[in-house]
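Here's the letter readout for the chains.
Protein chains: 2
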Amino acid sequence: MTEFLRVITAAQFIEQLRRFSRLAPETVPLEDALHRFLAADVISAENLPDRARSTVDGYAVRADDTFGASDSIPALLEIAGTVAMGTVPVFSVGPGQAAHIPTGGALPPGADAVVMVEYTNKAGDAAVEVTHPVTVQANIMEQGEDVRAGEPVIHAGRAVRSHEVGMLAALGILEVAVYRRPQVAVISTGDEVVAISRKPGPGQIRDANSYSVSALARASGAKAIPFAIVPDDASALRDALENALALADLVAVSGGSSVGTRDLMVEVVSALAGVELLAHGVAIRPGKPTLLARRNEKAIFGLPGHPVSALLVAHAFLAPFLRYLQGGELRMGPIGERVKALLPVSLHSTIGLQEFVRVRLEETAAGYCAHPVFGKSGMLSTMVKADGVIVIPMQVEGLLRGQVVEVTRI
Amino acid sequence: MTEFLRVITAAQFIEQLRRFSRLAPETVPLEDALHRFLAADVISAENLPDRARSTVDGYAVRADDTFGASDSIPALLEIAGTVAMGTVPVFSVGPGQAAHIPTGGALPPGADAVVMVEYTNKAGDAAVEVTHPVTVQANIMEQGEDVRAGEPVIHAGRAVRSHEVGMLAALGILEVAVYRRPQVAVISTGDEVVAISRKPGPGQIRDANSYSVSALARASGAKAIPFAIVPDDASALRDALENALALADLVAVSGGSSVGTRDLMVEVVSALAGVELLAHGVAIRPGKPTLLARRNEKAIFGLPGHPVSALLVAHAFLAPFLRYLQGGELRMGPIGERVKALLPVSLHSTIGLQEFVRVRLEETAAGYCAHPVFGKSGMLSTMVKADGVIVIPMQVEGLLRGQVVEVTRI
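Here the protein sequences come in this chain order: C and E.
For what it's worth, this note's numbering labels the leading residue of the first sequence as 1, then goes sequentially.
For what it's worth, this note's numbering labels the leading residue of the second sequence as 1, then goes sequentially.
Here chain C stands alone, though its shape is the one from the complex:
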């Protein structure tokens, strides 16, 4: 049985990851900024709006002229003109006057409020009756009220959503500084592992891990660099790791499920020049035979060889770390929507291990119900059947039937 050299907890694993630096910023066109994290505050050079505008369809007026107006005693105002969209009015609104104005129209000089069209009646072509009083500034967006020139409009660290894209476009900001996307070298090892296009011989298995881990890396905003399958051979493994460290920002190597190869992985990684072993063994289930090392700012994730364990460890640590490298927050546990659900059965858990329990979510009238997925831990079909996982903390002995638990959709 493998001796784990440096077993740490899931929380300590995350703390080790937090000691890495984020990737360098780069400037990208606005079209490519979606889902990226801003590396610097965005400062607007302009006011938005550039001048006072109406927020409703109606009539620009002097508020004083509407004082006391009502349905029974409306204020009768003379039409001074009509504001056209995309133009600045050349006329002004004097005392006793009003101007047609569309939503978004520029406020004409002299006017200090807008009356909604609902509170007006036409009085021929040249006049309008106002039936409700308005106060100064009513239904007006002031110059710079949305965004003031010189002030930060979006802060560093924010993820760019459709909203931020719209704001940046409105301000004419055509490119932004975001954190670079990580390049992840994905390596599968094992004498028994064959390329997925091949029919496995007796006792062999296909390389599921590079595909699933690459998919998760891409889902996390990274670029996955696929590597050829490496046999259980120290020199081949060393060469592959050196190549990967030269090419990529991070190496995710899976394998070493058999006794001998687990030792091989830790021996080869520890012997690489300048590499510091941060974890060999993590107090989680499944996923204990996980390894973490660093060379300068590049991390090496040694994932278990078993497809289910490899994938769960990648969800628990690799995906949050990829998000962190790109400027996101680093938090414990898998990334995904978290929902509360009722547990219909009790679950036993081992004190001293953080456990990941695969569950299927059933939507009931009373909310979600989290059914643990049956089947042996190593079965990939249990992952496919699962909608998410419950993470049982280290110090907890189990969860009780009827308890409300948090499920992370992964």
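Treat the hints with care, as some may be off.
What follows is a set of in silico ranges between Cβ atoms, one per label pair, in the way DEER data are often shown [said to hold, decoys possible]:
#1 366/E with 135/C: 24 to 30 Å
#2 263/C with 247/E: 34 to 40 Å
#3 12/C with 350/E: 24 to 30 Å
#4 366/E with 202/C: 40 to 46 Å
#5 68/C with 376/E: 44 to 50 Å
#6 109/E with 296/C: 46 to 52 Å
#7 43/C with 366/E: 33 to 39 Å
#8 351/C with 149/E: 36 to 42 Å
#9 376/E with 78/C: 45 to 51 Å
Because the hints were derived from the structure by calculation, they are not lab data.
Each residue gets a CB set at the ideal place from its N, CA and C atoms; glycine is no exception.
Since chain C is already given, all that's left is putting chain E on it; use the hints.
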């Protein structure tokens, strides 16, 4: 003021969308299947595993030989051989014998169970002591126990996650049938709208909508086709719509914020050959001036011209529809993580309108608190400050301070 010709509710809008057909399936390589929806059941041609395997490191035995074994009276078994990963054992395990086996190793003929290494002691090189009894099938994954040949392993309609990629790779399934990605023509209209690279003249605004709507379309798995800005001119608008309908699966046209242009949009859309107007006006706030039309299986979304309204309507209807076209379920409301939050203030709402309230989420010890974002409804900065929205149903007069509400992160 514009007369809305065919005002419908948000629920009716969704029901109209449900009458459209999904896009046609296409076959894509496994590497491109992530986040797509399967258009057909995936049937495995093979068993997984291909033969019985051990699920632990230990010794393959005949279960009968371990009957009554204990620490004080262990069963002493002769070592018949060692199973190497990636090979099928050429020896067999006879009565009174055992074989070293790694996790994942192929079960040798004769053996019917595996004893975990923890429950064994070496007795020289040629023998092992077993200190715990095992039952038949213990610590074995049977041939086809994970996936049985000929059976569906993933059902049509499921979204492909990292899990499904891993399973498909393990089965050697190199390509899958998924629904095609929609092509969305994104058009902004308005005499006052200028390209974002230009400095707006007096009374003009930059084209925020094509950028924000395109970003949301891309975030929803679609390809956005940007169109040039169309002035408020019936013939230019008609030409742009005809081009867009010819090129794309769906047209998202925003604009018509001023009184006259709202009329222009509905007139031009209604006059297009073969076009059926499904909605003109939706009972939501903001977003009432929304239009929906169809020509055969192609939808035309007429979004409001105001950037905030356009974006909220796109989140409420366009994003769910894009997901539906690609094989996902069609559900009411914006797509995003839904969290429960405490409302720290009361909110008034108008009966007869479904309202979207922008909120900022604060994480407290007691859970989330949803602070409504202050500022005029048309301000883009309110979207940037918001983490999500509360959707207040049509028939609700308001929400009370202290109430628990559902916030959709958008």
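Exercise. Checked against the structure, which of the hints given earlier come out wrong?
Worked result: Hints 1, 2, 3, 4, 5, 9 not satisfied by this model.
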